[in-house]
Amino acid sequence: MDESKNKRYWNEYQKDIADDKFFYERSCIRQTFFPGSEAAFLKIMREELDKDIRDEANQHTCTGIGYHSDIVPIETTMTVVARLFSLMTDAGYENYVPSCVTSFGIFTEMVEMWKEHPEMLEKTRKYLKEATGRDFEVPKNIAHPSDIIYKYRFELKEKMKYQLVNRFTGKPLRVVEHIGCHYAKIFPEKGIGKAEFPYVLAGMIEAWGGEVVDYPERRHCCGFGFRHYLLQENRGYSVANTKKKFESMEPFEPDFIVANCPGCAMFMDKWQYTIAEMENKTYDKDGYGIPVLTYEEMAGMLLGYDPWKLGMQLHQVQVENLLDKIGIPYKPNEKYRGANGEILPSPEKPMNLKV
Amino acid sequence: MSKIAIIGAGPAGIESASMLARNHEVLLFEKSSTALSNILDKAYLFPDFSSATDIADSLNSKLINENIKLMLNTEVVDIVRNDSEWKIVDKSGKNYFVDAVLITTGYQTFDATRKEELGYGIYKGVVTSIDMERMIRYNQIVNSINEAPKRIVFLQCVGSRDEKSGNRYCSKVCCVTAVKQAIEVRKLLPEAEIYIFYMDLRMWGQHFEELYRESQEKYDIRFVRGRISEASSTFDRKIQIKAEDTLLGVPMKMTADLLVLMVGMEASCGTKDLGVKCGIGGEYGFVKTATPHLCDNETTEQGLFVAGSCKRPMTINDVINDARSAACVISDYLK
Chain A
1 MDESKNKRYW
11 NEYQKDIADD
21 KFFYERSCIR
31 QTFFPGSEAA
41 FLKIMREELD
51 KDIRDEANQH
61 TCTGIGYHSD
71 IVPIETTMTV
81 VARLFSLMTD
91 AGYENYVPSC
101 VTSFGIFTEM
111 VEMWKEHPEM
121 LEKTRKYLKE
131 ATGRDFEVPK
141 NIAHPSDIIY
151 KYRFELKEKM
161 KYQLVNRFTG
171 KPLRVVEHIG
181 CHYAKIFPEK
191 GIGKAEFPYV
201 LAGMIEAWGG
211 EVVDYPERRH
221 CCGFGFRHYL
231 LQENRGYSVA
241 NTKKKFESME
251 PFEPDFIVAN
261 CPGCAMFMDK
271 WQYTIAEMEN
281 KTYDKDGYGI
291 PVLTYEEMAG
301 MLLGYDPWKL
311 GMQLHQVQVE
321 NLLDKIGIPY
331 KPNEKYRGAN
341 GEILPSPEKP
351 MNLKV
Chain B
1001 MSKIAIIGAG
1011 PAGIESASML
1021 ARNHEVLLFE
1031 KSSTALSNIL
1041 DKAYLFPDFS
1051 SATDIADSLN
1061 SKLINENIKL
1071 MLNTEVVDIV
1081 RNDSEWKIVD
1091 KSGKNYFVDA
1101 VLITTGYQTF
1111 DATRKEELGY
1121 GIYKGVVTSI
1131 DMERMIRYNQ
1141 IVNSINEAPK
1151 RIVFLQCVGS
1161 RDEKSGNRYC
1171 SKVCCVTAVK
1181 QAIEVRKLLP
1191 EAEIYIFYMD
1201 LRMWGQHFEE
1211 LYRESQEKYD
1221 IRFVRGRISE
1231 ASSTFDRKIQ
1241 IKAEDTLLGV
1251 PMKMTADLLV
1261 LMVGMEASCG
1271 TKDLGVKCGI
1281 GGEYGFVKTA
1291 TPHLCDNETT
1301 EQGLFVAGSC
1311 KRPMTINDVI
1321 NDARSAACVI
1331 SDYLK
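So the sequence lines, in the order shown, correspond to chains A and B. Just so it is clear: in the first sequence, position 169 is 169 by our numbering, and no numbers are missing. Going from the second sequence to our numbering is simple: count from 1 and add 1000.
Possibly wrong hints are sitting among the right ones.
Pairwise CB distance ranges, derived in the manner of DEER restraints [to be verified]:
no., chain 1, residue 1, chain 2, residue 2, range
1, A, 234, B, 1235, 26 to 36 Å
2, B, 1168, A, 16, 22 to 32 Å
3, B, 1139, A, 227, 45 to 55 Å
4, A, 56, B, 1193, 23 to 33 Å
5, B, 1139, A, 351, 51 to 61 Å
6, A, 32, B, 1169, 46 to 56 Å
7, A, 321, B, 1284, 50 to 60 Å
8, A, 14, B, 1089, 35 to 45 Å
9, B, 1077, A, 91, 51 to 61 Å
Far from chain A, by Cβ distances over 10 Å, these chain B residues were calculated [unchecked claim]:
no., residue
10, 1044
11, 1163
12, 1272
Here are the simulated lysine-lysine pairs, DSS-like style, with alpha carbons at most 25 Å apart [claimed, not checked]:
no., chain 1, residue 1, chain 2, residue 2
13, B, 1164, A, 115
14, A, 325, A, 161
15, B, 1003, A, 185
16, A, 244, B, 1253
17, A, 281, B, 1253
18, A, 161, A, 309
19, B, 1253, A, 243
20, A, 15, A, 157
21, A, 335, A, 325
22, A, 15, B, 1335
23, B, 1277, B, 1094
24, B, 1094, B, 1003
25, A, 270, A, 309
26, A, 126, A, 43
27, A, 243, B, 1242
28, A, 21, A, 51
29, B, 1164, B, 1272
30, A, 185, B, 1253
31, A, 157, A, 21
32, B, 1277, A, 185
33, B, 1062, B, 1335
34, A, 244, B, 1242
35, A, 129, A, 115
36, A, 126, A, 115
37, A, 325, A, 281
Treat the hints as calculated values from the structure; they're not laboratory data. Even for Gly, the Cβ is constructed at its ideal location relative to N, Cα and C.
One chain only, chain B, in its complex shape:
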């Protein structure tokens, strides 16, 4: 039985661990105190409004396996090849020796304070899509003065496809997430006006386009093609936004009770750090695979593998499929 280290107990780490544990011993490292934090910060998941907690519970149940050793609060700070095996070093200096390593360190959401013109962290009426998930989960959607908002504006592509923040790539999930959240808000606040400001809507996945159509026909979500250039607070603590409606070709100013910034995905600190240390650091801090088409779980280092959103922005089902693929590749490698 070989020993495998998996770095990161997100959906990719847990799914691949559960598959590899059928024939191997798995050490699953997680630097925080809980697994699946990037799922547990959501309320419901697109496109079918599955409960994020249920999905997390299902994944967590896969950890009940005697071949998986989950180590929470254990940050991996170095991965070093040691002849035919790999040495894993954690923050306390403890070493672990394994036959293969799978990096599943995932993503972190864009820090919206970096777009200071949008006022996040400054005005209470400006929140991120992660904050909105929490508001939806606890049915506490409120504006800056703790009242139910009458007009809510979602803004797409905050920290994605954005020259200023240096992230030119698309985060892939924000378009449909905004539609999903807008529908959830509509269900909780039937009287509210809800707008989504977008550059273009990338409804690429199964049922995404249908959800987009339904949001307009059934839930009266209004879409405006244009980016918001700035947000500021009015005397009565609403949020004034300026934008250009690029379909009508007119500049516009609007006052909203709540501005929701759809924050994009960035490589997590762990991804950036381990990517550089292992010599597989890629664009934007994501890790680089051996080849993009046929060896997308392999790296240029023998025995070092990658899976999930440490490679690029992915949906949860993309991540699960990628984790299964990585498990197959690692099993082949260890034969």
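So that you can see chain A by itself, here it is in the shape it has in the complex:
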């Protein structure tokens, strides 16, 4: 649609992102569902961008899932956040980079709260000292890893072997970008492009040759919604939300979806299987579903990293058709080779979703 050219607002709002010396904090769930993404980010930072980024062994949860499910009180969350910051302080870093969008929202919220209510910061310092004997400094800069990839998207483009272009048609791939709610909906000015037209993923897609699909339910929740999924009774509501998004994007025939939030990527991937099994419905023409990638997978794939080393075979919707479209080589026989070198058993095939 020619109207996409009018979206100048997407890149109007920018934010400060540090240049180097980052302290990385991993997500609770990403290594399970997208096991190569965090490793790919660290590799990109160290090997492609020559950045100093620390992957701390003693890190732990930020409490985000519990906090947003109303089972962890804010004082606990602040103290846990403070301990993570103390690890950063001890390591001599000042720029905090949480892998998870919800963690990014939590850290941003706590820091903003401390700015507004200094007495809560003092209370947190006291709690942390009493509980652990530790001290901490508030980070100078908090950026999501997608912010950093966005910032260096043109430098990365120079190193990329592939583009987001369909090699059979020569046309840009049509990409749905989905931004986690906690990236910019809580503090719009903390997200590139703010909350209504976030540009963080759109900027990567456009820089790397693709075309962003703007569909009516673009802003809609992925379906996770924390308590909507965590309470089993609500899961139908969670699936219904995701279904609404798929129905809305279906006419645009996207080639793949990219997300910057662990929950979003997971739910938009897994619920395609669920919907296919429940209703025998997929949202692509051929019954394979729409592949869902993390932005690290998208970047790594274009940089020429082995798709199976990126962990893309662990997706519910398989990625071979997408790799073929771009022209990325892969070894089908190596798809399920484990880290110990042994070939693992192939997963059971779904009834309706083609793999």
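Based on these hints, arrange chain B on the given structure of chain A.
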């Protein structure tokens, strides 16, 4: 004969100039190339559907007066008290010395791109009430693919009574303007479905309430109480809107061919700028008067007066009355 500078050739500036010119010499400054641009961007005026062009012509005819010197393309950048007189400085650096100054720098419409969730400037199917006036004037009401729209949605309070944009005040004219435009659209597109989404309808003026009733009874305009939270483009380039019908208490989604944003009034750049420079800057960038009840054309500065929508949102007839009031006050001051 005293000399008066009037800054801004809108309805307030022209009306007050025509009255003051009976006994005084008036320098009427206008930074743009035409006078009355905020009237000429309308097709018809509420509540009686008078032609905006006719009203503008009537006002313009008042400028044919040897005591009025209209200076178009002349932007005033500073107003400085110089003992008993005032020095006016224009953008080219030229100075003018006068006995009294009347600021009538008026308003500008809210920039709807600031409400990016409503898609103005992004989707062709989203237009403002000013765009709609142009469409009505030229009988060219079209959607994003240049076809006659089948469903048109008006949204009230865009940039008025709105925390996000920082404008907490009511712009006063949008409610009745939407009703007027909806009726005009109905006359041009008899088959179209027409909706107006509102928070509450403030039909405060003479004939406003009657027009509102008539719009429902005679013109089948449908009113929905609720604000639209977002607009997006569908595959066939219609506009999907999400809102809550607060009377039914249900969220709703609707697809429209055209979404019309009823943009509110803000202080013009000139109003904001001169208000600050003259020390009379008030809330939201409008200028502040000496007192709201008894000295509403005076300022805290002797010899500096204000009139019209540089003070607050006003209808055209409010502006004309206020301009006449200012002329009386200035005449008294110069006696």
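Checked hints:
1. In this structure the supplied range 26 to 36 Å holds for residue 234 of chain A paired with residue 1235 of chain B, their Cβ-Cβ distance being about 30 Å.
2. Taken as a hint, the range 22 to 32 Å holds for the pair residue 1168 of chain B and residue 16 of chain A, whose Cβ atoms sit roughly 30 Å apart.
3. Between residue 1139 of chain B and residue 227 of chain A the CB atoms are about 53 Å apart, so this pair conforms to the stated range of 45 to 55 Å.
4. Roughly 59 Å separates the CB atoms of residue 56 of chain A and residue 1193 of chain B, a value that falls outside the hinted 23 to 33 Å.
5. The hinted range of 51 to 61 Å is satisfied by residue 1139 of chain B and residue 351 of chain A, whose Cβ atoms lie roughly 58 Å apart.
6. Take residue 32 of chain A and residue 1169 of chain B: their Cβ atoms lie about 52 Å apart, and the range 46 to 56 Å holds.
7. Range check, residue 321 of chain A to residue 1284 of chain B: Cβ separation about 55 Å, and the 50 to 60 Å hint holds.
8. For the pair residue 14 of chain A and residue 1089 of chain B, the supplied restraint of 35 to 45 Å holds, since their beta-carbon distance comes to about 37 Å.
9. Distance hint for residue 1077 of chain B and residue 91 of chain A: a CB-CB separation of about 55 Å, consistent with the stated range 51 to 61 Å.
10. With 10 Å as the threshold on Cβ separation, the claim that residue 1044 of chain B sits away from chain A holds: the shortest Cβ distance comes to roughly 30 Å.
11. With a least beta-carbon separation of about 14 Å from chain A, residue 1163 of chain B lies farther than 10 Å from that chain, consistent with its non-interface assignment.
12. Its beta-carbon lying about 22 Å from the closest one in chain A, residue 1272 of chain B satisfies the requirement of being farther than 10 Å from that chain.
13. Only pairs whose Cα atoms come within 25 Å are accepted, and residue 1164 of chain B paired with residue 115 of chain A is accepted, the gap being roughly 21 Å.
14. For a cut-off of 25 Å, the pair hint linking residue 325 of chain A to residue 161 of chain A stands: about 14 Å separates their Cα positions.
15. With a C-alpha separation of about 56 Å, the suggested pair residue 1003 of chain B and residue 185 of chain A falls outside the 25 Å cut-off, and the hint is violated.
16. For the given pair, residue 244 of chain A sits about 12 Å from residue 1253 of chain B by alpha-carbon distance, which is consistent with the 25 Å threshold.
17. Proposed proximity of residue 281 of chain A and residue 1253 of chain B is supported: the alpha carbons are some 23 Å apart, at most 25 Å.
18. The suggested pairing of residue 161 of chain A with residue 309 of chain A holds, with an alpha-carbon distance near 17 Å, which does not exceed 25 Å.
19. Proximity of residue 1253 of chain B to residue 243 of chain A is assessed by CA-CA distance (about 16 Å); at most 25 Å being required, the pair is judged to hold.
20. The straight-line distance between the Cα atoms of residue 15 of chain A and residue 157 of chain A is roughly 21 Å, inside the 25 Å bound, and the hint therefore holds.
21. In summary, the hint linking residue 335 of chain A to residue 325 of chain A is supported, as the alpha carbons are separated by about 18 Å, within the 25 Å threshold.
22. Taking the CA atoms of residue 15 of chain A and residue 1335 of chain B, the gap is about 59 Å. The hint is violated against a cut of 25 Å.
23. For the given pair, residue 1277 of chain B sits about 17 Å from residue 1094 of chain B by alpha-carbon distance, which is consistent with the 25 Å threshold.
24. Restraint check: the Cα-Cα separation between residue 1094 of chain B and residue 1003 of chain B comes to about 17 Å, which is no more than 25 Å; the hinted pair holds.
25. Distance restraint check for residue 270 of chain A and residue 309 of chain A: the Cα-Cα separation of roughly 20 Å lies within the 25 Å cut-off, and the hinted pair is therefore satisfied.
26. With a C-alpha separation of about 37 Å, the suggested pair residue 126 of chain A and residue 43 of chain A falls outside the 25 Å cut-off, and the hint is violated.
27. About 17 Å separates the Cα atoms of residue 243 of chain A and residue 1242 of chain B, which keeps this hinted pair within 25 Å; it holds.
28. Among the hinted pairs, residue 21 of chain A with residue 51 of chain A is consistent with the structure: their alpha-carbon atoms are about 7 Å apart, no more than 25 Å.
29. Of the pairs offered as hints, the one joining residue 1164 of chain B and residue 1272 of chain B holds, with about 20 Å between alpha carbons and a cut-off of 25 Å not exceeded.
30. About 21 Å separates the Cα atoms of residue 185 of chain A and residue 1253 of chain B, which keeps this hinted pair within 25 Å; it holds.
31. This hinted pair checks out: residue 157 of chain A and residue 21 of chain A have alpha carbons roughly 22 Å apart, not beyond 25 Å.
32. With a CA separation close to 38 Å, the supplied pair residue 1277 of chain B and residue 185 of chain A exceeds the 25 Å bound.
33. Restraint check for residue 1062 of chain B and residue 1335 of chain B: satisfied, since their Cα atoms lie roughly 24 Å apart, inside the 25 Å limit.
34. For the hint pairing residue 244 of chain A with residue 1242 of chain B, the CA-to-CA distance comes to about 14 Å; that is within 25 Å, so the pair holds.
35. Between residue 129 of chain A and residue 115 of chain A, the direct Cα distance comes to roughly 20 Å. Compliance with the 25 Å bound is thereby established for this hinted pair.
36. Between residue 126 of chain A and residue 115 of chain A the alpha-carbon distance is near 17 Å, which keeps this suggested pair within the 25 Å criterion.
37. For the hint pairing residue 325 of chain A with residue 281 of chain A, the CA-to-CA distance comes to about 23 Å; that is within 25 Å, so the pair holds.
Violation of the numbered hints given earlier is confined to hints 4, 15, 22, 26 and 32; the remaining hints are satisfied by the structure.
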